[in-house]
Amino acid sequence: MPENNSVHLTIDGRAITVPAGTLLIEACRAVNIEVPCFCYYPNLSVQAACRMCLVEIEKMPKLQTACTVPVAEGMVVRTDTPTVHKARKTTNEFLLTNHPLDCPVCDKGGECELQDMTLTYGTGTGRFDEPKRHRDEQQWSPVVFYDRPRCILCYRCVRVCGEGMDVWALGVGNRAILSTILPNAGDHLECEECGMCIDICPVGALTSGAYRYKTRPWEMKHVGAICTFCGDGCRTTLGVRNDRIIRGDNRDASGINGEFLCIKGRYGFDFTQHAERLKTPLARIDGELKPVSWAQALETVARRWRAIQQQGGRFGVIGSTRALNEESYQLQRLARQVLGTNNIDHHRSADLPTLYDALAGTSATGSAPPLAAAASLKTASAVLLVGGDPTYEHPLLAWNVRWGYRLSGTRLYVLHHREIKLRRQAHRMAVVAEGAEGAAVRYLAGQGGAVAARLSAVGPAEEKRYPQLPPPDPQPISGGLEEFKAELEKESNVVIIFGSELRGDDIRALVALGGRLAGQTRYIGLADHSNSHGAADMGLYPDLLPGYESVSDAAARGRFEALWGARLPAEAGLNQREMAEALDRGELAALYVVGANPLRLDPVNPANLRRSFLVVQDLFLTETAKEADIVLPALAAYEKTGTLTNTCGEVQATRRAAAWPGGKSDLEIIHALARLMGVDFGRPDPDRVFAEIRAHVKGYNVSVVQLAAGRSALAVPLNGAVPHRSAPHLIRSNHDTLFSDGTLGRYSHAINEVMEKRLLLPGQAR
Amino acid sequence: MAHPLEIRVVSKRFDDPSAATLKGYLASDGYKALEKALKMKPEAIIEEVKTSALRGRGGAGFPTGLKWSFIPRQSPKPKYVVCNADESEPGTCKDRLIMQFDPFSLLEGMAIAGIAIGAERGFIYVRGEYRYLIDILDRAIAEAYDAGYLGKKLRGTNFHFDLMTHTGAGAYECGEESALLESLEGKRGIPRIKPPFPATSGLYGCPTVINNVETLASVPHIILNGGEWFLKLGLPKAGGVKLTCLSGHVHNPGVYELPLGFPMRRLIEEIGGGVQGGALKAVVPGGSSTPLLNAEEALGVNLDFDSVAKLGSFLGSGGVVVVNDRTCMVKFAKRIIHFYRHESCGWCVPCREGTNWLELTLTRFHLGGGRSEDIDVMFDVAQSILGRTLCALGDAAAMPTISIIQKWRQEFEDHLAGRPCPYEREFAHA
Amino acid sequence: MSVFSPTLDAKLTRLAEAYPQRRSALVPMLLYAQDELGWLTPEAIREIAERLGETELAVRETISYYSMLRTHPVGRYHVQVCTNISCLLRGGEELLQHCRKRLGLEQRDVTPDGVFSIEEVECIGACSWAPALQVNYDFHQNLDPARADQVLAEYRQKA
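Residue numbers (the numbering used here), protein chains in the order written: chain U, 1 to 766; chain S, 767 to 1196; chain B, 1197 to 1355.
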C-alpha cells in the first residue's frame, strides 16, 4: 500500500495514520490497542463469526466488528467503553456455555486463547447453569484429534487448511448449536497431516496425537531449532522436558517459516528417541559389530588411519547433507589437511556450482544478490518454477508461493513434465515430456529448438476445493510454449525455482533466460536436505574448497594453507560415485562416512568392502553403517548448536534442544580424531568454527547479530568463475515427499504411522 | 371469498381458478403491464415503483424502487433478479397463495424488474417444503416461454429474460437475502458480511436485486395502474395494500389483503370474528421475529410500518398471530426461541450460543425448575444477542423474548410461585 | 453406473447445466435424489459430488446444513407436524402426540414396516389453516384428531 494513500483516524482518543485498506483491528494493533478476537487471523479470509472484536464507531448505531471494517478517513473508534466491555464479557460467557472447563487436563491449558481471554475479558463467574452437551473425542488421523465440545467454531482450521495449504480437508457441518468441524473422509482425515490446524486452534479442540496428555506447556523449555529434514530451513520450536523432545510446533511464528510447519517439522523429531538409535560406539570384532568404549573406538580409527597413511593408502570421505556448517567445514579440513586427500563429496541434489559459475559470468550481479530468500516468494510479482514439486518436496516454498498468489497477486509460471499441484496457483503452466525441461528452458531463453509442450488448464476457479489432478497427460504438442514464453517475457524481477531436473548446461540456459527478463532475476535451486546447500558451500566437493574455490587455484588454496599452517592437496579428488567404484576395486584403503548412507545410492559388493577400513558416524545402523569397521554414534541436529544453510542459501542458527547421552556431535568426533591424528583443531566450539567460516568462506560474512536474533542471512558465495568438474549424473534428488526423508525419515514413528494409515495424496504416486 | 373490508390487488385472482393458466391470466389483464413496461424506459419503471411507495413485503420493508435504483446501470457482469419465495417466518403464509393462484403475476413482476434493472436472468428461490408450488410455477414458466413472455426477445422486443425455479431444502436462514444467495450458489446458508450489498455484489458476485413474492407480484399492478393509484390505496409513505396472515386464537383465521394503515382492532374483531377461547392477551404483529404487543397496544394500533414501529415493534412479514389469555407466555417464548435455536445458522457466537442458552433455561423454567434470578439472566442474555450478529436472526430471536419478559414478567414470577406451569394447570385442555 | 433412475439421471444432468455455475445445482440435485432414494446414501453423495466436480466434504457440509436433507432413511410416508406458534395455539402439540400415538411412534421415529415416520417440524407456512402437517410434500390443514386419523388412514391404505 503506498504511503501517500494513508488514512487518519482516532482510536480511543489517539490520532493515528495507517495505509488505506487496513482493517480496523490491524490499525488498533499497530498502536498496541488490543482488540480481542478468535476468528480473525491475519492473512486468512475474514469471518466476523466470533463477535469478540466488537467496537464502537461514531455515527454507526450498532457495535461493529473491527475485523471486517476497513479504516476510513476521520473515523472515530472507541474500544474502551462500558458497552464494548459488556459485549466482550457476554460473548466470552457465550463461548464458555458449552466449552468444558477441563482446562486442568486439556493440552491447551496454559497456552489457550480462550483461557487468556477469559482472564482478561471474562466475568470470573458464569451464569450458565444448564447441562452441557458432551461428545466423545474423535481421532481423525494418527496425529490429529478433535474434541468437539471444546471447539468454539472460529473456522481458523478450515481456512488454514483450505486457503493456506490448498488441501481443503476440513469443513463445517450441521448448523446452529450442533455446528461442528468435519474431516474430509467422513470419520477421518485424508490430508497432508501438516498439523497447521492444531497450531492455529485457539483452544484445545484440535490436539496433536504426538503430544496429547504428555506434559504441561510450562513444564517444557521451548527451543527454536532448525528442522533437520528437507532443505527449506523452517524453524521448529521444540518443547523439551528432561532433555527429551516432547513436541514440535511453530506457534510463536518464529523463523523464516512464520506459522508454517509440515508434518516432518512438527512430528518428525521422534526419530531422536527411536529404539534403534545408536547408544555406544561399535567395532567389528570377529566379523561382528560389538559395543566398545569411545576411547577404544576413536583410538582404533586413528591407529588404522595412521597405518594406512604410512602405507600410502588412499582415503575417501563422504560428508553429510544434514550436519551443521561448522561440522562440514571441519570435515573437509580433516580430509584435506589431516588425511591429505581431496576425495571428499556429499550426496548432491542441486547443481549449485554450475549455478554460481553461470551467474558469475553474467552482469546480473547488480545491487541485490541474484539469490532469493524463501520469504521473497510471498511478495514476488512473478515466479517461474521449472521441475521440482514444492508442494510435497519443499512445503515451505510451496506455502510461500501460494501466499504470494493469494495475497500479493504473484503470477506463477510452471514448466514441468507432470501436472503438479501448484498448477492450481499457476498463471501459465506448460507440460513437456519428461527430460525435456532443459530443452524447453533453452527455447524460452531464445536459444531456439522446438519443444513439444502443452499449456495446462490452470487456476482453481473451476476446481476450487477439488485438489484432484486431471487424467494422464495428453501428448504435448509443438508450439505450445510460444504463448508461455510471450507471457513470461512481460514479467520483471522474476524469482526462478528449479529442481534437480536441471543440471549442468541446462542451468546455464536457465541463467541466460533469467538474464533476458527485465529487472533483477533471482534463483532458488532445490536441494534435498536441511544442509545440502551448506554441504556444497562448505566445500564437500573433490574439486572445490569452501566457497566454491578450486582446489587447484593456488591463491585460494594458499589462503587456507596459511590459515591452517599445512599443505593441502592441489589435485581434484574422487567424487562419491568414483569412490564407490574404487572401493569395489579395492583401491580405497579407508572411507570415512559422516552422516550419510552412500551405499544406498552406490552399492558396493560387501566382499570388496571388507578390504577397506570403513568408519561411519551416524544415528542409526544404516545400510552403510552395517558394513563398517567402526561405527560412531552421532548426535542429531536437534542436539547440536551451530548453523545451517537452507535450499535458498539462507544461513540460520540452530540451538541444542535435547541430549543423547551415548553420542557425540560430528564436530566433537572430527576434532577428537584430528587431535589423535596429531593436528589440533582447537576446542570443538561451533562459535569459533563459525567465526572462521565467516572470515574465510566466500559469501559467509553474514551478520551474527542477525542470526542470533533468529533471522536468516543470505550467503552469496559469488564472485568469479567456479571451475567445477560438472557431473550431472551425480545430481540425484531423493524426491522425498512429506512422508519420507532419506534414511532419517525411516526412523520417525509419527511419519511412518501416518504413511501406513493413509492413502497417497493425489499426484504423489510416482 | 373476499371479505368486504379487503381491497384485492395481488389477491384479485385468488378466486379465479383459470388464472393459473396463461389463457386465464391474459383474460384478466395479465401481461398488460409487461407489454407496457417493454415500451417504457427502465428509469421510468423504477420511478413508477418509487411513486407507489411500495415497500418490501418480506419483512424488512425496504422501499422497492430505491432498492432497484442501487443496481448499477452499466455493469460488465450480468445482473440478476432473485425472488425470495422462502416464506418461512412463523405466522406467514401469504406468498404461497400468490404462487398457487396467481403464478403469472410473479413471473410478470420479475420480467418487469429485469427490464427495470437490466437483468436478463432470474431465479425464484422457493422453500423446499413448497414442492407443489414449484410444480405450478414450472408449468407457468413453460407456458410463458412458449408465448414469448419469457426467454429471448420478449414479445419481439430486444429484451431478454430467462427464469427458473430453485428449491431450498429447509432452512429459515435462507430467507435472509445474502444467505439465500449462498444457498442459491449451492452452499451452506450462511449470511454474508455486508458491505458489499447484493446490489453490487450478489449472486456469483454480480449485481442482484432480491425481492419477496408479494413485492414482485405487486409490480404489474403498479405499472398497469400507475404508482399513484397504488399509493392511494394505503397510507402515503407506505403505499398500497398488503396481505395480512391472520392466525392463532381468532374465529376466522385467513389471509386478507388490506390497505396499509388498517386498524388491528377491526382485523381481529370484524374480519377475524373476535378472539377465540378467551380474551385477548397478546398479538404478534408481523411474524415471530417481531416484539409482541399486549392487548391494549394491539387494539390501538394500525397496520402500517410507522404505527407499529412507534410501539417498538415491526409490521414485518404480515403474520398477525392472536394470543388469548389462556396461553402461557413462558411456553410461548420457549416455542419461539426453540425455533430460532433450531434455525440459527450457527455462525455468530451470540446467536448460536445465546438461543441455546435461552431455550434451555426457558424449558427448565417452564417445567418448574425456575429460579428468580433466571428472569434477569434471560433478559440479559437476550439483550446480549441483540445487535451483535451478522444478520437479523439474532435480533429476531432476542426481540420477542425481550418483549415477553418485559410485558408478561408477572407470568414468570407466577411460575416461581406455583410449579410447574400454573397456566397449563389452570387452563388444562378440557 | 449411476445410482439414479434414467429419468432422474437425465434431470440431474439438466440441472447441473442449468445454472451459470454448476455448484448452484447442488441443493436441488440432492433433494431430487433424496425424493427417489428416500435418503442420501453414501453412493448418491459420491455421485453428486463427482457430477458437480466438488469434494464429498463440500457436499456433506451442505447436506448437513439443511433440515430437509437427510443421511438416514425415513418411512415411505414422512409425517411432518408443525408445532410452531400459530399451530401451537391451535393444538399443534396435541396433534403431534396424537399422530405419534396413532402410528405407534411414541418411542421411535420410523415404524418397523418402514411405512411411516414422524418428525416435529418448524413452520410450514400453513399458519392461517392451523394446525397442519405435511406428509412428504402434501399439505393437510385445519386438522383435529379425527381428521388426522382420516389422513393417516388414507396413507395406510395406499401403502
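Derived by calculation from the structure, the hints in this document are not laboratory data. By construction, the Cβ of each residue, glycine as well, lies at the ideal position given by its N, Cα and C atoms. Be aware that a few hints might be false.
Distance condition first, Cα-Cα at most 30 Å in a straight line; then the derived DSS-like pairs of lysine-lysine [stated by the list, open to error]:
#: 1; chain 1: S; residue 1: Lys960; chain 2: U; residue 2: Lys89
#: 2; chain 1: S; residue 1: Lys953; chain 2: S; residue 2: Lys843
#: 3; chain 1: B; residue 1: Lys1207; chain 2: S; residue 2: Lys918
#: 4; chain 1: S; residue 1: Lys843; chain 2: S; residue 2: Lys960
Derived DEER-like restraints, expressed as beta-carbon distance ranges [claimed, not checked]:
#: 5; chain 1: S; residue 1: Arg839; chain 2: B; residue 2: Met1197; range: 44 to 54 Å
#: 6; chain 1: B; residue 1: Leu1233; chain 2: U; residue 2: Ser381; range: 50 to 60 Å
#: 7; chain 1: U; residue 1: His85; chain 2: S; residue 2: Tyr970; range: 36 to 46 Å
#: 8; chain 1: S; residue 1: Tyr911; chain 2: B; residue 2: Ala1206; range: 11 to 21 Å
Computed footprint of chain B on chain S, listed as stretches where at least three residues anywhere in the stretch have a Cβ under 8 Å from a Cβ of chain B [to be verified]:
#: 9; stretch: 851-857
#: 10; stretch: 870-877
#: 11; stretch: 887-896
#: 12; stretch: 949-956
Hints, verified against the model:
1. Proximity of lysine 960 of chain S to lysine 89 of chain U is assessed by CA-CA distance (about 25 Å); at most 30 Å being required, the pair is judged to hold.
2. Proposed proximity of lysine 953 of chain S and lysine 843 of chain S is supported: the alpha carbons are some 21 Å apart, at most 30 Å.
3. The straight-line distance between the Cα atoms of lysine 1207 of chain B and lysine 918 of chain S is roughly 23 Å, inside the 30 Å bound, and the hint therefore holds.
4. Distance hint between lysine 843 of chain S and lysine 960 of chain S is fulfilled; the C-alpha atoms sit about 20 Å from each other, no more than 30 Å.
5. For the pair arginine 839 of chain S and methionine 1197 of chain B, the beta carbons lie near 50 Å from each other, so the given range of 44 to 54 Å is met.
6. Checked against the hint of 50 to 60 Å, the pair leucine 1233 of chain B and serine 381 of chain U passes, with Cβ atoms roughly 51 Å apart.
7. Taking the beta carbon of each, histidine 85 of chain U and tyrosine 970 of chain S are about 41 Å apart, inside 36 to 46 Å as hinted.
8. Remark: the range hint 11 to 21 Å for tyrosine 911 of chain S to alanine 1206 of chain B is upheld by a beta-carbon distance near 19 Å.
9. Coverage of the stretch 851-857 of chain S by chain B holds in this model, with 5 residues showing a Cβ closer than 8 Å to a Cβ of that chain against a need of three.
10. Figure legend: the stretch 870-877 of chain S, annotated as covered by chain B; annotation inconsistent (0 residues with Cβ-Cβ distances under 8 Å, at least 3 required).
11. Figure legend: the stretch 887-896 of chain S, annotated as covered by chain B; annotation consistent (5 residues with Cβ-Cβ distances under 8 Å, at least 3 required).
12. With a threshold of 8 Å between beta carbons, the proposed coverage of the stretch 949-956 of chain S by chain B holds, since 7 of its residues qualify and at least three are required.
When held up to the earlier numbered hints, the structure conflicts with hint 10 and nothing else.
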